[in-house]
Amino acid sequence: MLATLFSLSAALPASVSTDNSWINFDVTSLLQNFWPATFDGLTFGAIYALIALGYTLVYGVLNLINFAHSEVFIMGCYGVVFTLTSLGFGPNAPNLSIWAIIFNLILAMLVGMVFSVVTAFVVERVAYRPLRRRGASRLAFLITALGASFSIQYLIFLVRGSNAEPAVTMFIPTPIFQVFGAIIDSQQLTIVIAAIVMMVATDQYIRRTRVGRGIRAVAQDPDTATLMGVNKDRIIVTTFVIGGILAGAAALFYVMKVPSGVIYNGGFVLGIKAFAAAVLGGIGNVRGALLGGLLIGVIGNYGQLLLGDSQWTDVVAFIVLVLVLLIRPSGLLGQTLGRSRA
Amino acid sequence: MSEQTPVRTTRAVQLTESREALGGRRQFLGGWRRRWNRMARWQQWLFLIIVLAAVYYLPVANPWLITTEPGNDFPIACFQMAVYALVAVGLNVVVGFAGLLDLGYIAFFAIGSYTAAFFTSPDSSLIHIPYLWTLPLALGIAMLFGVALGLPTLRLRGDYLAIVTLGFGEIIRILATIIPAARGQVGFKEVGHPPGTASDGQPIFSVSNGVPWYWLAVTVIIIVLLLVGNLERSRVGRAWIAIREDEDAAEIMGVPTFKFKLWAFAIGAGVGGLSGALFAGQVGFVNNQKFDVATSMLFVAAVVLGGSGNKVGAILGGAIVAYIPLRFTAIADYKYLIFGIILIVLMIFRPQGLVAAKAHLLTYSRLAVDKVSEFRAARVTSEQEKAAAAEAAKGGAE
Numbered sequence: 169m170l171a172t173l174f175s176l177s178a179a180l181p182a183s184v185s186t187d188n189s190w191i192n193f194d195v196t197s198l199l200q201n202f203w204p205a206t207f208d209g210l211t212f213g214a215i216y217a218l219i220a221l222g223y224t225l226v227y228g229v230l231n232l233i234n235f236a237h238s239e240v241f242i243m244g245c246y247g248v249v250f251t252l253t254s255l256g257f258g259p260n261a262p263n264l265s266i267w268a269i270i271f272n273l274i275l276a277m278l279v280g281m282v283f284s285v286v287t288a289f290v291v292e293r294v295a296y297r298p299l300r301r302r303g304a305s306r307l308a309f310l311i312t313a314l315g316a317s318f319s320i321q322y323l324i325f326l327v328r329g330s331n332a333e334p335a336v337t338m339f340i341p342t343p344i345f346q347v348f349g350a351i352i353d354s355q356q357l358t359i360v361i362a363a364i365v366m367m368v369a370t371d372q373y374i375r376r377t378r379v380g381r382g383i384r385a386v387a388q389d390p391d392t393a394t395l396m397g398v399n400k401d402r403i404i405v406t407t408f409v410i411g412g413i414l415a416g417a418a419a420l421f422y423v424m425k426v427p428s429g430v431i432y433n434g435g436f437v438l439g440i441k442a443f444a445a446a447v448l449g450g451i452g453n454v455r456g457a458l459l460g461g462l463l464i465g466v467i468g469n470y471g472q473l474l475l476g477d478s479q480w481t482d483v484v485a486f487i488v489l490v491l492v493l494l495i496r497p498s499g500l501l502g503q504t505l506g507r508s509r510a
Numbered sequence: 417m418s419e420q421t422p423v424r425t426t427r428a429v430q431l432t433e434s435r436e437a438l439g440g441r442r443q444f445l446g447g448w449r450r451r452w453n454r455m456a457r458w459q460q461w462l463f464l465i466i467v468l469a470a471v472y473y474l475p476v477a478n479p480w481l482i483t484t485e486p487g488n489d490f491p492i493a494c495f496q497m498a499v500y501a502l503v504a505v506g507l508n509v510v511v512g513f514a515g516l517l518d519l520g521y522i523a524f525f526a527i528g529s530y531t532a533a534f535f536t537s538p539d540s541s542l543i544h545i546p547y548l549w550t551l552p553l554a555l556g557i558a559m560l561f562g563v564a565l566g567l568p569t570l571r572l573r574g575d576y577l578a579i580v581t582l583g584f585g586e587i588i589r590i591l592a593t594i595i596p597a598a599r600g601q602v603g604f605k606e607v608g609h610p611p612g613t614a615s616d617g618q619p620i621f622s623v624s625n626g627v628p629w630y631w632l633a634v635t636v637i638i639i640v641l642l643l644v645g646n647l648e649r650s651r652v653g654r655a656w657i658a659i660r661e662d663e664d665a666a667e668i669m670g671v672p673t674f675k676f677k678l679w680a681f682a683i684g685a686g687v688g689g690l691s692g693a694l695f696a697g698q699v700g701f702v703n704n705q706k707f708d709v710a711t712s713m714l715f716v717a718a719v720v721l722g723g724s725g726n727k728v729g730a731i732l733g734g735a736i737v738a739y740i741p742l743r744f745t746a747i748a749d750y751k752y753l754i755f756g757i758i759l760i761v762l763m764i765f766r767p768q769g770l771v772a773a774k775a776h777l778l779t780y781s782r783l784a785v786d787k788v789s790e791f792r793a794a795r796v797t798s799e800q801e802k803a804a805a806a807e808a809a810k811g812g813a814e
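One line per chain: the protein sequences are A and B, in this order. Heads up: the first sequence begins at 169 in our numbering, then just goes up one per residue. Heads up: the second sequence begins at 417 in our numbering, then just goes up one per residue.
Calculated from the structure, these hints are not laboratory results. On a predicted model such as this, the values are computed, not experimentally measured, just so you know. For glycine and all other residues, C-beta sits at the position ideal for the given N, C-alpha and C. Heads up, a few of these hints could be off.
[What the hints assert, rightly or not] Here are some chain B residues pointing at chain A (derived, C-beta under 10 Å):
{"#": "1", "residue": "His544"}
{"#": "2", "residue": "Ile579"}
{"#": "3", "residue": "Val580"}
{"#": "4", "residue": "Gly583"}
{"#": "5", "residue": "Ile590"}
{"#": "6", "residue": "Val716"}
{"#": "7", "residue": "Ser724"}
{"#": "8", "residue": "Leu753"}
{"#": "9", "residue": "Ile758"}
{"#": "10", "residue": "Pro767"}
{"#": "11", "residue": "Leu770"}
[As the list claims (entries may be wrong)] Just so you have them, the derived chain B footprint on chain A, three or more residues with Cβ under 8 Å:
{"#": "12", "segment": "281–293"}
{"#": "13", "segment": "426–440"}
Produce the entire structure from the sequences given, and follow the hints as far as they go.
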């Protein structure tokens, strides 16, 4: 009885409280919901980590914050939603066999990936390559990235309007097992496992393959790599494409987790948080992106529980980012893709 | 004296021209700069006074073709252009002079607006002060926030600053929504205005009458321009430009880069706060809806479009960014798309913007420019003089 009371008070936004204290530390609610919040945070964190990989790879190779990556991701979300709605999915999950669900998921993911990859490719071609040819300054790259991000965002706005896409639900999560009294359902398990598998695959790809060696070489020293016969432009495009593939996968998981969250500017804040995750783990570091993503997801959830409003998630994530940058400017695991930078 | 000065400058200009012809970038509006440099000091003042008179007269004249009516009230449109120009002047200090990409500039604008609202609106329970006092107050408070944000982040590389400021802009907007004292979407009504009543009993600075507000904003811009211009030509300005061009080199040459970056950041923040307070006064209403990060992008677009590192360019860019959606209301919905594309195209084809920053003798005074040019001209034109000078130097040494 008491527990329900507490969780209720946590569900209410802080602005409803009549007294003037706008920060109230609801420790009880945090302790009550600690494990569910942790696992939920890990699920979100896996999505952040997948997006963060795109930032981290491009940053490692080009030394550029690719602001347009959040739009690469949101385009993937639109791809997923279009596929699912044209397959006949709606707000209510249909009753399908497990194989049908898996087939639909993979199909949606592939379409999402295609959307994301095409966006990433176009952005690289239209916005970044001409600048590289002209040897533009770093500031010019950042401003172009920003311009690309807003152009895509408001292009979507013009086509799809200011409302979020109608929700699509693929399946109803079924509880699978319990850890510390928290129920873990099939959805959380799918997302976390799939994300980790994709990240391990990316990590191995960069470590073991020929192209991966090329990526690392360009990240370390673009000029020397070119002299050694690495095609720099092709490597850069490959990096964007890998980032796009991962963003497309993240898009599917995001639509699974937040069915009605696909909106033209929805990628923006998510993208900032994913970038924060990349910096947290050490930008340019593939494993750091995983660690940073999971941490940002979990910490954001704790902050929301502690402070009592979902809006606090973003604020807490940024404050954590600034604190980490203060103490460890190169992130938790350091920067390894390219040379270490101060 | 009035005979000598034009001669000197003409020589200087000839040199500049030959330099530009040799390898410099071609400059759009370059002819204007050349003409300007060729003028004598009194001619420049006269020209400035005429321009200023025209600027002050603009909303009253309401010229055909330029006017934003019937879609938008022209004096109020002028005021908005002036506010954007002021914002661009402030952001130009951060982005253009010091080379720090601040993507959350809207946060300082919001802080200024809320400062004006907190201290003048009847909806606020704080002490109330006259509106005009909130202008310096907003400047000070925004500067404090700028220092608070800059202290932890300016030691890092520039890219991180971009992302942290972006986050800061978002945080301020969220806080305005969450904190009950900021009243969220309900907001503050009847934000104060400067004193004075017209003959019909209405206040001079009313919400519906943009002309006095515009004059106030232009006056503020002029004051800020004088102050920023002085800074630009001083040691501080040289330090900023050194940091922008190469931070490591500047540090090695003994420029305390962190200190000057923080100064640029704080001054930029202060001007942002000032413009926010002006804006809040004219609109008379402040809530959490106007301070989204997208507007921050427009501010950056204004600076980059006008010419980052150039005050005149910043004003022009700010005015254009505000003017286009107001004048061409049919495309107002597309403004973010348009300015987003403009950012990309500009960076590819004309990274210096409409009015380029001065490329040489960046921050020296006019006198120094003349002296150096004179010296160069003497060296180029007369071999004999040079030889004689060398002779004389030899003799002097012996």
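Hint by hint, here is what the structure shows:
1. His544: 19 Å, violated
2. Ile579: 6 Å, holds
3. Val580: 6 Å, holds
4. Gly583: 4 Å, holds
5. Ile590: 5 Å, holds
6. Val716: At 7 Å from the nearest chain A Cβ, Val716(B) passes the 10 Å test, so the hint holds.
7. Ser724: Status holds, d = 8 Å.
8. Leu753: With a closest approach of 4 Å, the Leu753(B) hint holds.
9. Ile758: 7 Å, holds
10. Pro767: The hint holds - Pro767(B) has a Cβ within 10 Å of chain A, the shortest such distance being about 5 Å.
11. Leu770: 15 Å, violated
12. 281–293: violated (count 0)
13. 426–440: holds (count 4)
Of the numbered hints stated above, those contradicted by the structure are hints 1, 11, 12, listed in ascending order.
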